[in-house]
Structures are given as C-alpha cells and as structure tokens.
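Got chain A sorted already, so can you dock chain B onto it with the hints?
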Amino acid sequence: MEDNAELKRFFENMKEQDRELDIPPFPSYQTKKFNFWIPAGIAASLALLGLIMNEPQPIPEAPREVLIITLQEGENNEQEFVIEEKAYLDVWESPTASLLTDY
Amino acid sequence: MNRKQLDLLLKTYHREAYIWARQCCAFDDEMAKDVLQQVYLKILEGKAKLMEIDKAKTWLFSIIRYTSIDQLRKSGKFLSLEDSFEIEDIPDEIDQTDYQGLIKKLPKMQQEVLLMVFYHQMTIEQSAEVLQIGLGTARTHYDRGKKKLKEIITKTQIQEQHGR
Chain A
1 MEDNAELKRF FENMKEQDRE LDIPPFPSYQ TKKFNFWIPA GIAASLALLG LIMNEPQPIP
61 EAPREVLIIT LQEGENNEQE FVIEEKAYLD VWESPTASLL TDY
Chain B
1 MNRKQLDLLL KTYHREAYIW ARQCCAFDDE MAKDVLQQVY LKILEGKAKL MEIDKAKTWL
61 FSIIRYTSID QLRKSGKFLS LEDSFEIEDI PDEIDQTDYQ GLIKKLPKMQ QEVLLMVFYH
121 QMTIEQSAEV LQIGLGTART HYDRGKKKLK EIITKTQIQE QHGR
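Going down the list, the sequences are from chains A and B. Going by my numbering, the first sequence opens with residue 1, and the numbers climb by one from there. Going by my numbering, the second sequence opens with residue 1, and the numbers climb by one from there.
In case anyone wonders, no lab produced these hints; they're calculated from the structure. Careful: at least some of the hints might be erroneous.
[As the list claims (entries may be wrong)] Here are the computed lysine-lysine pairs in the DSSO-like style, where the Cα-Cα straight-line distance is at most 27 Å:
id : chain 1 : residue 1 : chain 2 : residue 2
1  : B       : K11       : B       : K55
2  : B       : K105      : A       : K15
3  : B       : K55       : B       : K33
4  : A       : K15       : B       : K155
5  : B       : K74       : B       : K47
6  : B       : K47       : A       : K8
7  : A       : K8        : B       : K57
8  : B       : K104      : A       : K86
9  : B       : K105      : A       : K86
10 : B       : K49       : B       : K74
11 : B       : K55       : B       : K105
12 : B       : K4        : B       : K42
13 : B       : K33       : A       : K15
14 : B       : K33       : B       : K147
15 : B       : K33       : B       : K11
16 : A       : K8        : B       : K74
17 : B       : K55       : A       : K86
18 : B       : K150      : A       : K15
19 : A       : K15       : B       : K57
20 : B       : K4        : A       : K8
21 : B       : K47       : A       : K15
22 : A       : K8        : B       : K104
23 : B       : K105      : B       : K49
24 : B       : K105      : A       : K8
25 : A       : K8        : B       : K49
26 : B       : K105      : B       : K147
27 : B       : K57       : B       : K74
28 : A       : K86       : B       : K4
29 : B       : K146      : A       : K15
30 : A       : K8        : B       : K42
31 : B       : K148      : A       : K15
32 : B       : K42       : B       : K57
33 : B       : K33       : B       : K4
34 : B       : K55       : B       : K146
35 : B       : K57       : B       : K47
36 : B       : K11       : B       : K57
37 : B       : K33       : B       : K104
So that you can see chain A by itself, here it is in the shape it has in the complex:
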C-alpha cells in the first residue's frame, strides 16, 4: 500500500483541483408522453354514437290470424260471402305460384 501512497496523493490533489470545475446543472428532460386518454375518449364517443344510432327498432308483430272474405257463387246461382279464418302463414302465397297453376 506504501507503493500506492504517492499515486493516491496525486489523485487526491487532482480531485482537489477538480472541485473548482464548473459542473453543468442536471438537465430536465421532457419526454414526449403519449396521452392515452385522448384516443380512448374518441373511441368511447364513437362507440356510444354507434349504440345510439343502431338502437334496435321494435319489430312489428305479424297478425296471428287473418280473415279472408270471398264472394262465391252458390248452388242456386246466388252470391254468397264465405268468411274464412286462417293462420297468417297458411295464406302466404308465393308471388310465382300463379305460374304453376296457369300453365
């Protein structure tokens, strides 16, 4: 250790000299922080708007029954009304059904 005494003294003196150095102040860095609240807010607003716009409309219920009143010619050539009560789906007729019967 005696061996290093001279060197230790040398570096101590060097440190002493460096005390007079003008150390620059620690810089303050402003890193660009990405604010996640902005895109999150936009996304939430769009989602809310979408929900309002696409509010489900009540589907009109189909009538359970329909009355079909037809005028028919009776046995004695008299006109008579025939009233039929049918389920809605029973009376549905394809728009092309006439093609099958007419030809």
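The following block gives chain B in isolation, referenced to the frame of chain A:
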C-alpha cells in the same frame, strides 16, 4: 426501473458522470457536456437499459466511455488501440501540478484504469467491466499505468528540485 428512479439515479451520479465524461474526452469540457447529454438521452429513451441496480455506476461509466469514443472518432481525436499502447516519452518540461497534463502522458487504457481505481474509487474488476476487457488485461493496464505514472511524477519532482 421507472422514470423517477432513473432520474434520481442520474442525479445522484451527475457530478461524477460529468467528471468521467471529461476524463474520457481528453479533459475537453464542451465535448464532455455533449457526451453527457447524449448519454442521458440514450438512457431516458430506453436505448440503454440497466439490468442490475447494484451495477449502476459501472453501467453509466461504460455508456459514457463508449459515447465519448464515438464523439472523439467524429472529431478525429480518437487514437486506435495500437496507437494508445505506444508509451510517449516524458517531455523535458512538465508542470507538477498539471495533473491532467501528466495523466494524459499515459496510454488511454492505463489512464482510464487508474482514473477509475484511484479517482472514482472503483475496483479493477469494475474497471474491467467498464472497459469490457478481461480482468487480467485490466490488471496489466493498472500495473503498467502505475509504474509509468510514478516515473512521470518522479521526473517532475526531480525537474522541480533542479529548477530550485
């Protein structure tokens, strides 16, 4: 490690970091300031990451050293490893209190090891980590550096005595 902890760590070592940057930049104050700015940016932008908190000083010193080498290269002041191994002749006229001038007479690696050990109170192992060299190589630089610096100091003392 979060931003606050990193800030605190850098503030704690700021003075020592500046002095080390200056020593790595051949005692050029302006270059040292630039280097330190670059080092802090590298750290705060996450380009350099601290893995072990107990090696913070070694890590910081290592970044400073490599950033200084880049800066010295850009300015054309960097000497290659072979060049820096050439021991300069001790000039006839040398001021005993010009510590920076005296230390600059040593090859770069010897300067750095001695500064880390004697000035910054680091171990030779830590110096080896900063320089990214083997422990044996660091010891060699340390021993040669000590020998050479003693020669320089003795020579200046003799010159001073003769001058008186």
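Outcome of the hint check:
A C-alpha spacing of about 16 Å is found between B:K11 and B:K55, which places the hinted pair at or below 27 Å, so the restraint holds. Our distance criterion of 27 Å between C-alpha atoms is met by B:K105 and A:K15, whose separation comes to about 18 Å. Only pairs whose Cα atoms come within 27 Å are accepted, and B:K55 paired with B:K33 is accepted, the gap being roughly 23 Å. The suggested pairing of A:K15 with B:K155 holds, with an alpha-carbon distance near 21 Å, which does not exceed 27 Å.
For the given pair, B:K74 sits about 20 Å from B:K47 by alpha-carbon distance, which is consistent with the 27 Å threshold. As the CA atoms of B:K47 and A:K8 are separated by approximately 36 Å, the hinted pair breaks the 27 Å bound. Proximity of A:K8 to B:K57 is assessed by CA-CA distance (about 21 Å); at most 27 Å being required, the pair is judged to hold. With a C-alpha separation of about 111 Å, the suggested pair B:K104 and A:K86 falls outside the 27 Å cut-off, and the hint is violated.
For the hint pairing B:K105 with A:K86, the CA-to-CA distance comes to about 114 Å; that exceeds 27 Å, so the pair is violated. In summary, the hint linking B:K49 to B:K74 is supported, as the alpha carbons are separated by about 24 Å, within the 27 Å threshold. Distance restraint check for B:K55 and B:K105: the Cα-Cα separation of roughly 30 Å exceeds the 27 Å cut-off, and the hinted pair is therefore not satisfied. Distance restraint check for B:K4 and B:K42: the Cα-Cα separation of roughly 16 Å lies within the 27 Å cut-off, and the hinted pair is therefore satisfied.
A hinted pair counts as satisfied when its Cα atoms are at most 27 Å apart, and B:K33 with A:K15 qualifies at roughly 19 Å. Under the criterion of a C-alpha separation no larger than 27 Å, the hint pairing B:K33 with B:K147 is inconsistent with the structure, at around 32 Å. Distance hint between B:K33 and B:K11 is fulfilled; the C-alpha atoms sit about 15 Å from each other, no more than 27 Å. Proposed proximity of A:K8 and B:K74 is contradicted: the alpha carbons are some 34 Å apart, above 27 Å.
Distance restraint check for B:K55 and A:K86: the Cα-Cα separation of roughly 90 Å exceeds the 27 Å cut-off, and the hinted pair is therefore not satisfied. Restraint check for B:K150 and A:K15: satisfied, since their Cα atoms lie roughly 18 Å apart, inside the 27 Å limit. At most 27 Å may separate the alpha-carbon atoms for a hinted pair to count; A:K15 and B:K57 meet this at roughly 18 Å. With a C-alpha separation of about 36 Å, the suggested pair B:K4 and A:K8 falls outside the 27 Å cut-off, and the hint is violated.
A distance of roughly 32 Å separates the Cα atoms of B:K47 and A:K15; the hinted pair therefore is violated under the 27 Å criterion. Between the alpha carbons of A:K8 and B:K104 the distance comes to roughly 17 Å, so the proposed pair stays at or under 27 Å and holds. Of the supplied pair hints, the one linking B:K105 and B:K49 is violated, its CA atoms being roughly 34 Å apart against a limit of 27 Å. Between B:K105 and A:K8 the CA atoms are separated by roughly 18 Å; this keeps the pair inside 27 Å, and the hint holds.
Among the hinted pairs, A:K8 with B:K49 is inconsistent with the structure: their alpha-carbon atoms are about 33 Å apart, more than 27 Å. Only pairs whose Cα atoms come within 27 Å are accepted, and B:K105 paired with B:K147 is accepted, the gap being roughly 13 Å. For the given pair, B:K57 sits about 26 Å from B:K74 by alpha-carbon distance, which is consistent with the 27 Å threshold. Annotation: proposed proximity of A:K86 to B:K4 is violated, straight-line Cα distance about 79 Å (limit 27 Å).
Between B:K146 and A:K15 the alpha-carbon distance is near 17 Å, which keeps this suggested pair within the 27 Å criterion. Between A:K8 and B:K42 the CA atoms are separated by roughly 34 Å; this puts the pair beyond 27 Å, and the hint is violated. Proximity of B:K148 to A:K15 is assessed by CA-CA distance (about 20 Å); at most 27 Å being required, the pair is judged to hold. Distance hint between B:K42 and B:K57 is fulfilled; the C-alpha atoms sit about 16 Å from each other, no more than 27 Å.
Of the supplied pair hints, the one linking B:K33 and B:K4 holds, its CA atoms being roughly 22 Å apart against a limit of 27 Å. The straight-line distance between the Cα atoms of B:K55 and B:K146 is roughly 26 Å, inside the 27 Å bound, and the hint therefore holds. For a cut-off of 27 Å, the pair hint linking B:K57 to B:K47 stands: about 17 Å separates their Cα positions. Of the supplied pair hints, the one linking B:K11 and B:K57 holds, its CA atoms being roughly 12 Å apart against a limit of 27 Å.
Under the criterion of a C-alpha separation no larger than 27 Å, the hint pairing B:K33 with B:K104 is consistent with the structure, at around 20 Å.
Checked against the numbered hints above, the structure violates hints 6, 8, 9, 11, 14, 16, 17, 20, 21, 23, 25, 28 and 30; every other hint is satisfied.
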